[in-house]
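Number of protein chains: 2
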Amino acid sequence: MIPEPRLVEVRKNVLKQNDMIARALRERFRESGLLAVSLVSSPGSGKTAFLEKTLTLLQPRHRVAALVGDLATENDAARLARSHAPVKQIITGTVCHLEAAMVQNALNGWDLNNLDFLFIENVGNLVCPSSYDLGEDLRFVLLAVTEGEDKPLKYPTIFNSADVAIITKSDLADAVEFDEAAARRNIQSVRPGMKVSKLSSKTGEGMMEFLDYLEMNRRNCRAASAVSK
Amino acid sequence: MIPEPRLVEVRKNVLKQNDMIARALRERFRESGLLAVSLVSSPGSGKTAFLEKTLTLLQPRHRVAALVGDLATENDAARLARSHAPVKQIITGTVCHLEAAMVQNALNGWDLNNLDFLFIENVGNLVCPSSYDLGEDLRFVLLAVTEGEDKPLKYPTIFNSADVAIITKSDLADAVEFDEAAARRNIQSVRPGMKVSKLSSKTGEGMMEFLDYLEMNRRNCRAASAVSK
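Chains A and B, in that order, are what the protein sequence lines are.
Note that this note's numbering has the first sequence beginning at 47, numbered continuously upward.
Note that this note's numbering has the second sequence beginning at 47, numbered continuously upward.
It is possible that part of the hints are untrue.
Same chains, same label: a pair holds when it works inside one copy or across any pair of copies.
Straight line, CA to CA, 20 Å or less: simulated DMTMM-like cross-link-like pairs of lysine to aspartate or glutamate [as the list claims (entries may be wrong)]:
hint, residue 1, residue 2
1, K248, D196
2, K134, D196
3, K99, D196
4, K58, E255
5, K99, E73
6, K62, E195
7, K62, E120
8, K248, D220
9, K99, E223
10, K248, E223
11, K241, E73
12, K99, E55
13, K241, D157
14, K134, E55
15, K62, D196
16, K248, E77
17, K99, D220
18, K134, D258
19, K62, D162
20, K134, E120
Think of the hints as simulated: they come from the structure by calculation, not from any bench.
Given the sequences, and given the hints that come with them, work out the whole structure.
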């Protein structure tokens, strides 16, 4: 009874337009030599806490900025502003994901040549963001130990669309009897070979190793950019 | 650049069809004298744990059944089957929410006259399920103490579409320094007068009071059904 073919057709058009804008964004990021990283997860998995910690730790050595998506409120931008990095909030209204055009608009007025890292925090949602390319170089999917080990099996598409899985809130692992081996097994069964990191933005456990990984990717990305110039 | 008017029009048609089916479902539920309750929340807020506990505790005195929605896997149905209540899994594929037609199809073969309570667990998503009426009498939105107190402000639509807010995983409140007063204040600012319960499916804290509330609603609903016959 649902007019599916027409809906599917319209959705394909939206995605096609999105992919074109995403491709242009990726090209701009590459030319600027910055590393663009997006974060996806359930609401409350700790995207903003992770980002605040990351911005603060990267800042002494790097030029960093962030865009944060939410249906409503500028709370996340206010939290991230404490890191003193440039931050813009994207308010999506009732839209359940970020789109490349929203990222493009939000970047107006920023000189990307002055940035080493751009972080894009998506709306908290484990389903809808998976289909939308934002032009990012890397997509991180966050999974808090408090959410249960089965999330990769239940939301396979978003794990498949991401490059790295980050297990967050590791400081709570014992309190919730988190089965890390099961979580890792589930991630690997959905996306074999996926890089998995475990960390706590609160205690800092695992953060320094993760920053090394980010800096390594940034060096590779700058090298690629220099070669192409 | 996105063909918004056309997309909006198609979406409105989908919603209209959904509302018609939801209305027919609500009528069937009323005639059967059962109480239909749906659960919405982020992935990992504890919908399935809450439902397993509720089914187990209600069963000695009531006839209960559940439908559970997920993108993939029948894990939740398997977990809920431990309660020995009839359970069906609805696999949505890539669809980020349940629709009334999915509920209607899943009920095929069940005699609703033999049920006192029907629970419908939506896909874990704080955005998309808000727009879809499933014919339920009551909609519960779950918020785990591990998710942060600001979720009602950031996802106001789903809190507005729900009747009751349930704060789950209360046993972890101290470990995560949960600010209950702030959470309640945020819920009330989004939906003034909303009923809020706090409980733990793990320790059972708050569960008995909540079952009293469910049973009271079921009595009211049966009384209304008897009057209309």
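How the hints compare with the structure:
1. K248 - D196: between (24 Å within a copy, 18 Å between copies)
2. K134 - D196: between (33 Å within a copy, 19 Å between copies)
3. K99 - D196: Between copies, since 19 Å is at most 20 Å while 27 Å is not.
4. K58 - E255: Neither. Shortest intra-copy (39 Å) and inter-copy (48 Å) distances fail the 20 Å Cα cut-off.
5. K99 - E73: Neither: 28 Å inside a copy, 52 Å across copies.
6. K62 - E195: neither (34 Å within a copy, 37 Å between copies)
7. K62 - E120: neither (30 Å within a copy, 33 Å between copies)
8. K248 - D220: Answer is both; intra-copy 15 Å and inter-copy 15 Å each pass.
9. K99 - E223: Intra 25 Å, inter 19 Å, cutoff 20 Å: inter-copy only.
10. K248 - E223: both (18 Å within a copy, 12 Å between copies)
11. K241 - E73: Answer is neither; intra-copy 25 Å and inter-copy 50 Å both fail.
12. K99 - E55: Answer is neither; intra-copy 42 Å and inter-copy 43 Å both fail.
13. K241 - D157: neither (31 Å within a copy, 48 Å between copies)
14. K134 - E55: neither (33 Å within a copy, 31 Å between copies)
15. K62 - D196: neither (32 Å within a copy, 34 Å between copies)
16. K248 - E77: Neither: 35 Å inside a copy, 52 Å across copies.
17. K99 - D220: Neither. Shortest intra-copy (22 Å) and inter-copy (22 Å) distances fail the 20 Å Cα cut-off.
18. K134 - D258: neither (25 Å within a copy, 46 Å between copies)
19. K62 - D162: neither (29 Å within a copy, 48 Å between copies)
20. K134 - E120: within (9 Å within a copy, 40 Å between copies)
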